[in-house]
Amino acid sequence: MSDYRIEVDRGRCTGIGICESMRDDRFEVDDDGTLVIHDDVVDEDERAEIESIVLSCPASALKLATVVG
Amino acid sequence: MTRLVVVGASLAGLRAVESSRRAGFDGEIVLLGAERHLPYDRPPLSKRYLVGEAEADTWRTEDEIRGELGVDLRLGVAATGLRPADHVVETTDGDVRYDRLIIATGASPRTLPSLPDLDGIVTLRTLDDADDLRRRIVPGSHVTVLGAGFIGSEIASSAEKIGAYATVVEAAPVPLVRAVGDEVGAALARLHPRNGTRLLLGTHIAEYRGERGRVTEVVLSTGEVLTTDVVVVGIGAAPATTWLEGSGIALHDRDGGIVCDETLLTSVPDVWAAGDAVHWPNAAYGRTMRLENWTNASDQGLRAGANAADPEHAAPYATVPYFWSDWYGHRIQFVGVASDEVEFVSGGPDGDRFVALFTDGDRVVAAATLNEPRKIMKLRRLIAERGDRAAALALVNPELVTKE
Ligand SMILES: Cc1cc2nc3c(=O)[nH]c(=O)nc-3n(C[C@H](O)[C@H](O)[C@H](O)COP(=O)(O)OP(=O)(O)OC[C@H]3O[C@@H](n4cnc5c(N)ncnc54)[C@H](O)[C@@H]3O)c2cc1C
Ligand code: SF4
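Protein chains in written order, with my numbering: chain A, 58 to 126; chain B, -1 to 402.
Because the hints were derived from the structure by calculation, they are not lab data. All C-beta atoms, glycine included, are put in the ideal place defined by N, C-alpha and C.
Calculated from the model, a selection of chain A residues having no Cβ within reach of chain B, i.e. all distances over 10 Å: (1) Tyr61; (2) Ile63; (3) Arg67; (4) His95; (5) Ala122.
Derived lysine to aspartate or glutamate pairs resembling DMTMM-like cross-links, with alpha carbons at most 25 Å apart: (6) Lys120(A) - Glu60(B); (7) Lys120(A) - Asp55(B); (8) Lys120(A) - Glu66(B); (9) Lys45(B) - Asp87(A); (10) Lys120(A) - Asp87(A); (11) Lys45(B) - Glu290(B); (12) Lys120(A) - Glu53(B); (13) Lys45(B) - Asp88(A); (14) Lys120(A) - Glu51(B); (15) Lys120(A) - Asp39(B); (16) Lys45(B) - Glu33(B); (17) Lys120(A) - Asp97(A); (18) Lys45(B) - Asp89(A); (19) Lys120(A) - Glu62(B); (20) Lys45(B) - Asp66(A); (21) Lys159(B) - Asp89(A); (22) Lys45(B) - Asp227(B); (23) Lys159(B) - Asp117(B); (24) Lys120(A) - Asp61(B); (25) Lys159(B) - Asp55(B); (26) Lys120(A) - Asp82(A); (27) Lys159(B) - Glu53(B).
In isolation and in its complexed conformation, chain A is listed as follows:
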C-alpha cells in the first residue's frame, strides 16, 4: 500500500485559489496569498479527486507525489 502526498511548488503558486474552491478542507489561501495545505497525505480513495485538483491549478504548482509506506 502506498500513500500520496500533496506537494506545492512555492515558486509557482500564485494563490489563485482554484484548489481551495474544489476542496476547502484541504487547501486554504491565507491573507497574504500563501497556500496552506491542511493534511497533505492522500490515500488511494481520494487520489482521483486530488489528481483532478492538481490538474486544475492554473499555475501548475501542485504535484501528487508517491510516498512508499
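Given the coordinates of chain A, work out where chain B with the ligands should sit on it, guided by the hints.
Below, chain B with the ligands without anything else, positioned relative to chain A:
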C-alpha cells in the same frame, strides 16, 4: 475505431482531451491547432511573461500529448469549415473525418475597422503577439493602451514595471462595467493613477499618425496629442467561429458564439463545444451566458471531454464564474455574476484592500475583492450554496459577528 476530433489546441481543447481519456475513451483522438505552439497558458502573456519574468508555460510536452494521451497532434493546421452531414472538418491540411467533435477555438481580439495600417498598432492574444509586444515595450518607451479592460490594464501595469510610460485611453466614463459594475469598476480604475499610469476616461483616439509606415503619435478626442511607440488595442475578444458560418451549427446573433445546451452539446449531433466561444444555459444563475476566463475554459473542457467520451451519461455544466487579474502587484478576484446592488463590506473603493458584495434581494450573487485572497473562494462556495448577505458578512468580518 471511434474517432474524436478536437479543434483548438489551447486550454479548453487540451482539457477536453485529458478528460475524455480519463473517462475511458479509447478511440482515436486528433487535436488540431492553428498555432504552431504546443498548448500554452495565456494569462501570463500580459503579466509575468510580458515583463520577462517567466518563460512560456506549456502544460505538457509533445511526447506526453502524443504518447501518454495517445493524441494525433496536428499543429499549424486550421479548421476552415464543417460539413456535419458528412462528419467532416475541412482544414488547411485537407478533410478530417470525425465521429465525435469538440470545438474549442476560443476567441480573437476585436479590432476597429477604422484602424490604419501602421506598424506598432497591435493586439495581444497569442504567444507570438506577446513576443512581438515584448520587443516593443522597453524602458522609456511610450505605450498607448486603447481600452481599460482587464488585459489592457495588465499590459499598462506590466509596461510600468518595465519602466515604460503607459497611457490608457477608454471610451466609457467608467471601465469594466459589464464585468464588475460601476462602483467596483471605478474603484479598480483608481489603481492606474495611483501607480503611475495615466488613465483617460470618456476619451477615444481620433487620429493615428505615422512616419515611414510606423505609428508615432495618436490624437485624442480631447485634442491632446500623445507620442507613442506602440498602440495596444484591448477592446475585447469575439468568438473565433467565422469558420463555422453556414455549417448548420447555431451561432449567437450578437457575437457569433456557439450556442450549446446545458451539456455543452451544440445544435448539431455529435458536436460539443467548450471555452471562450461558448454560450450555454448556466443553471447556477438560470440564464445563458458566455464567459472568457481561465477557470471556465478549463472546467468546460473537462466536461465536454467527459460528455463526448460517454454521451449517454452526459452531465450538465454549471458554474459560479471566477476570474482573477493582477495589476501593479495587486490581486483582483471576482466570483459570480454582478448585479446592480453592491456594497463595500470591508475596506473601501479608495484603498488597496476591499471586499464588495453584489446582492439580488437577500441572496449574494457575486463578490469582488482586492488583495483579499483568503476570502474569495469561501465566498464562491457561499454563492454556490445560495448563501445570504448575513452569512457573507459573517464570513468577511468574523470579528464583528459577536459584537453585533
Ligand atoms: C493576455 C491574456 C491574459 C489573460 N488573463 C487571464 C486572467 O488573469 N484570468 C483569467 O481567468 N483569464 C485570463 N485570460 C483568459 C483565458 O486565457 C481564456 O479564457 C482561455 O485561454 C480560453 O481558453 P480557450 O481554450 O477557450 O480559448 P483560447 O485559449 O483562445 O484557444 C483557442 C485556440 O484555438 C485555436 N484556433 C482558433 N481558430 C482555430 C481554427 N479555425 N482551427 C484550429 N485552431 C483554431 C487558437 O489558435 C487557439 O490556440 C487571459 C487571456 C489573455 C489573452
Ligand atoms: S490553484 Fe494553484 S496557484 Fe492557486 S492556490 Fe492552488 S496551488 Fe496555488
